[in-house]
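Visitor: Chains A and B are the protein sequences, given in the same order.
Mapping of the first sequence onto my numbering: position 88 corresponds to residue 88, and the numbering continues sequentially without gaps.
To convert, count from 1 in the second sequence and add 111; that's my numbering.
It cannot be assumed that every hint is accurate.
Calculated lysine-lysine pairs in the DSS-like style (CA-CA distance at most 30 Å, straight line) [unchecked claim]:
1) A/Lys26 with A/Lys56
2) B/Lys135 with A/Lys103
3) A/Lys56 with B/Lys179
Derived from the structure by calculation, the hints contain no laboratory data.
Since we're looking at a predicted model, the values are computed, not measured.
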Amino acid sequence: SQQGEEDPQALSIQEGENATMNCSYKTSINNLQWYRQNSGRGLVHLILIRSNEREKHSGRLRVTLDTSKKSSSLLITASRAADTASYFCATDANGNNRLAFGKGNQVVVIP
Amino acid sequence: DAGVIQSPRHEVTEMGQEVTLRCKPISGHDYLFWYRQTMMRGLELLIYFNNNVPIDDSGMPEDRFSAKMPNASFSTLKIQPSEPRDSAVYFCASMPSGYNEQFFGPGTRLTVL
């Protein structure tokens, strides 16, 4: 079945720096979503990009999608300590709301 | 809006006992999802409902797991009998029709001894 897979990175960056994380998947998708999870909390939806889109912005977030490479990246600009969290990509293969989540990237922003 | 509500937040039980996890979705959301999160397997979709009807339960690990949604404002996930390998954080999420964003609850951390 479809599976979003992030690069198994644990990023540790200084406040104000940019953080980039990647996600790859195996089959065609309808859309790809990014979620954030703070320690001990539920996931929070960040941004969705559809298969016919290449780039999308939301505040300090920038998402790209390359369907030819079956990959996506999430960029957080001007990071803040509050951005410390795990970030997950999730793919929806058929537009049926059945999401396949990756394992997550842990990001630590040092004040 | 209070968001998705899950109870209990923490559950510790002994192997063989029945466990019931509860979820109240956001009012007006037609979809409800149950997920399980572990370090080894990540976040897995167990089952989801649309308008109280189970649509896809292919992620339910085995017959020990069952889920119900008797009405639009309540769902349960039951494990009977529980086993240590069921230890995980269980999340409920809801979503309105026509949208793709899922709203997650805070989760229930289950420990089976």
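Visitor: Which numbered hints does this structure break?
Guide: 3
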